[in-house]
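Student: Protein chains in written order, with my numbering: chain A, 39 to 471; chain B, 777 to 1079.
Do not take every clue at face value.
[Said to hold, decoys possible] As a list, the in silico PhoX-like pairs of lysine-lysine whose alpha-carbon atoms are at most 25 Å apart:
#1 A:K446 <-> B:K865
#2 A:K425 <-> B:K865
#3 A:K446 <-> A:K390
#4 A:K379 <-> B:K865
#5 B:K865 <-> A:K428
These are computed hints drawn from the structure, not numbers from a lab.
No experiment lies behind these values; they were computed from the predicted model shown.
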Amino acid sequence: MPIKKLLILFLALSPLCSFAGVLRCGNGTDIRSLQSGIHQVPAGDTLLIAPGTYKQGNLFIRKSLTLLAEGKVVLDGEMKDEIITVFSPHVRIKGFTIINSGNLSTKDLAGIKVLATRDVFIENNTLYKCTFGIYLSNTRNCYIRHNKISGDALADQSIGNGIHVWKADSAIIENNESTGQRDGIYFEFVTNSQIRNNQSHHNFRYGLHFMFSHSNTYTSNEFRENGAGVAVMYSHHVKMHNNVFDHNWGPSSYGILLKDITDSEVLDNRFENNSAGIYMEGSNRIKMERNDFLNNGWALRIQASCTDNVVSHNNFSGNTFDVSTNGETQLNSFNHNYWDKYEGYDLNKDGKGDIPYRPVSLFSMIVEQLPPGLLLLRSFMVYLLDKAEKIIPSLTPTNLMDEQPAMKFIPHPSGVSAFSTLDRIKNNLTINT
Amino acid sequence: MFNRLHPQGPLPEPRQPLVITGTAKSVDLPGTMISEKTVHTLHPKQHIMIRLLKYVLLDILKNRMMVFYTLFLLAVSFGLFTMSGDPVKGLASLLNIVLMVTPLLSIIFATIYFYNSYEFIELLSSQPIRRNTILFSQYFGLCISLLLSLLLGVGIPVLIFAPLKQGLILLAAAGGLTMSFVSLALLSALLTRDKARGIGLSILLWFYFTILYDALMLMVMFAFIDYPMESTTMLMLSLNPIDLARVVVLLQLDISALMGYTGAMMQDILGKSWGVMAATGIMILWIVLPLAIAVRKFKRRDL
Chain A
39 MPIKKLLILF LALSPLCSFA GVLRCGNGTD IRSLQSGIHQ VPAGDTLLIA
89 PGTYKQGNLF IRKSLTLLAE GKVVLDGEMK DEIITVFSPH VRIKGFTIIN
139 SGNLSTKDLA GIKVLATRDV FIENNTLYKC TFGIYLSNTR NCYIRHNKIS
189 GDALADQSIG NGIHVWKADS AIIENNESTG QRDGIYFEFV TNSQIRNNQS
239 HHNFRYGLHF MFSHSNTYTS NEFRENGAGV AVMYSHHVKM HNNVFDHNWG
289 PSSYGILLKD ITDSEVLDNR FENNSAGIYM EGSNRIKMER NDFLNNGWAL
339 RIQASCTDNV VSHNNFSGNT FDVSTNGETQ LNSFNHNYWD KYEGYDLNKD
389 GKGDIPYRPV SLFSMIVEQL PPGLLLLRSF MVYLLDKAEK IIPSLTPTNL
439 MDEQPAMKFI PHPSGVSAFS TLDRIKNNLT INT
Chain B
777 MFNRLHPQGP LPEPRQPLVI TGTAKSVDLP GTMISEKTVH TLHPKQHIMI
827 RLLKYVLLDI LKNRMMVFYT LFLLAVSFGL FTMSGDPVKG LASLLNIVLM
877 VTPLLSIIFA TIYFYNSYEF IELLSSQPIR RNTILFSQYF GLCISLLLSL
927 LLGVGIPVLI FAPLKQGLIL LAAAGGLTMS FVSLALLSAL LTRDKARGIG
977 LSILLWFYFT ILYDALMLMV MFAFIDYPME STTMLMLSLN PIDLARVVVL
1027 LQLDISALMG YTGAMMQDIL GKSWGVMAAT GIMILWIVLP LAIAVRKFKR
1077 RDL
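Using the sequences and the hints given, assemble the complete structure.
Tutor: Okay, here's the thing in structure tokens:
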């Protein structure tokens, strides 16, 4: 009778799993103080907090528990202190509105801070005007999802990062929105982690800031209108797939800045309306495939310190400069990309152009050496210079070329829908005004 | 069109009689002008100016070249806007065409027209009309007709496809260029009596402002590469009307962000109202100065 035994076993065990203790505290209950609620609830149980606004300073969590908001629960730090600090593993924080953390120059105060622990689950919270939003330090297996973090970076430049992860392993950051902070998402010394489906926009500095963080994957995120775009630095084995880098537009703004990145992948991303789509420095062995570079100032700026990168099957369309570089030797390869400025032909109709395309224009070389020279952009003289150089290349790197460029825009199954033209105009207008 | 305007070719039929009777009438009776009931409060000389202007304008508008110019601009603008899909991108491509074609056509057409109306001008000079009036009627006739072409050929497509601030600024810049290159045309036509040399000078001026100047600027910038060149660059840009127009429009097209520090600085200046006023002022100088020299030359000339 294995079924009967199983049934008995199930009945015997079910109270343990489904009826874990719930303690209710807060406004209208016996326990007004949340900290004493945390103190009273047995480890492993749920603390349910009644609706209302609480101005009770810093809550310390030193045991495993689930902290749950019943309806709208606002935790107000009154600009004084940190709001929730977690020290123990297996903590779950769900559904809170956390506002007004303090701001100190000696200590990083956050909305939710997790210190030296593991398996902390933070979801569905709204954080507003916190110096740092969610701050993980020395953690493992933490899961942060569906949080909305917004700061006031323009009003207060001493603000911190939206999601700040320092020294962590196996973190998952998913479906969050971070805006108005210094960096939307900040990773330093983080390994084996994933950043998925996040929106990071209108941040003061970077949408995503990434240093000394190896073997991480970030997919399907959207980084829009951040002060300086996204910076990925000093890391290896980073995978960047299906992200959108849109309208990171400013004098020193990049879609992504890749600095000293090695053995990584940049696949199926869309770079649109950025001052520079990708800016690479000291980066080697990066595979760059099936990306769309649309309407950027520079689609790709590869400094001469980059070697063995493979750029293939990308679309380059509507960019002021397709590729620019600062050196004469080039050790990267470009294959089968679509270039809207290509003027070659395809006699055998195999979809590949019969003559190579040189994506580096003379003018882009001039501008690389002489930045104010960009004021001559769209001058007729510049057009003539570029034409002459195209016919007899002498100053541009001779081996930087796409031997068999694609004749047609390559459709990518990435599923990232392009912004409508109207949206783009609106963006342009808001930027101007 | 060039044949029609060529001195050896047949003169345009309707112009001579029309103009002569018109001017003769108004010039014969300068004193009685005020008593004529059609005239209201206008000063008699202004009245002559307006009548002259009307004849010049009608004459130019009947010119086939103007029709071609308008149609060309229309075709190019419609083509670029429909091809690019994105209005801002369309404007950027249109900028290239406008910066090259508008000054070229303005300066060459105005020079040729001035030489071809030389007999008419001589005739007018024998009448008691101030020379200012004669030259200004020529100038404004040319300007108004060229601006009209521009408004039809570029203005209508811009209003249809890109009714944005950027579009209007492009139109304004093109208008300024037209007016300053007509001024330059009159100047070069008055610098030499020989038509071929005059036209050659016009083409040279266009070539200088379109290509040579930028090349020289690039040379200067390279020569002083180790020095901060931002303000000098801006000064150099304002010494060329085409560059001035180009940069004003480029900054509107969001490209300033590309230009790094220089662009930020330009945007900072031209984004403010006094910057726009300064740019407009310099453009007006580019219209007024050559015209003033031309007027001086024309007044002192022994016709």
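Student: Identify every previously stated hint that the structure contradicts and give their numbers, smallest first.
Tutor: none
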